[in-house]
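Can you build the whole structure from these sequences, using the hints too?
Each residue of the sequence shown is one higher than the last, beginning at 503 in my numbering.
Keep in mind the hints are simulated off the structure, nothing from the lab. Here the structure is a predicted model, which is why all the values come from computation and not from measurement. What you were told as hints is all true, and nothing was included just to trick you.
No more than 25 Å apart at the CA atoms, straight line, and that leaves these computed lysine-lysine pairs for DSS-like:
# : residue 1 : residue 2
1 : 511       : 578
2 : 511       : 522
3 : 522       : 568
4 : 568       : 521
5 : 521       : 511
6 : 578       : 568
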Amino acid sequence: MDRAEVDAKIREIAEPFNKKGVTITEETSFQNDLEFDSLTVMDFVAEIEDEFDIIISMNQQAEIEKYGQLVDAVTKMQAD
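The structure is reproduced here in structure tokens:
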């Protein structure tokens with residue numbers, strides 16, 4: 503799966519979590535822009551892990567603050 507396909511799929515997954523209808527860009531922050539709390543992050547990450555059959559460690563989650571970083575991380579994990 504290339505980056506564009508990963509991006510499209512994550513946007514699909516993110517839609518129900520985007521309660522305020524924020525336009526998601528590469529620089530969109532999960533905490534500040536989308537206002538994800540810790541429970542929402544856990545649910546969102548679980549959906550991504552299930553969809554892509556990957557595991558995003560707690561350390562990786564802590565480093566991913568913006569949407570573009572998530573797409574890059576998932577794309578890389580898919581390639582490995």
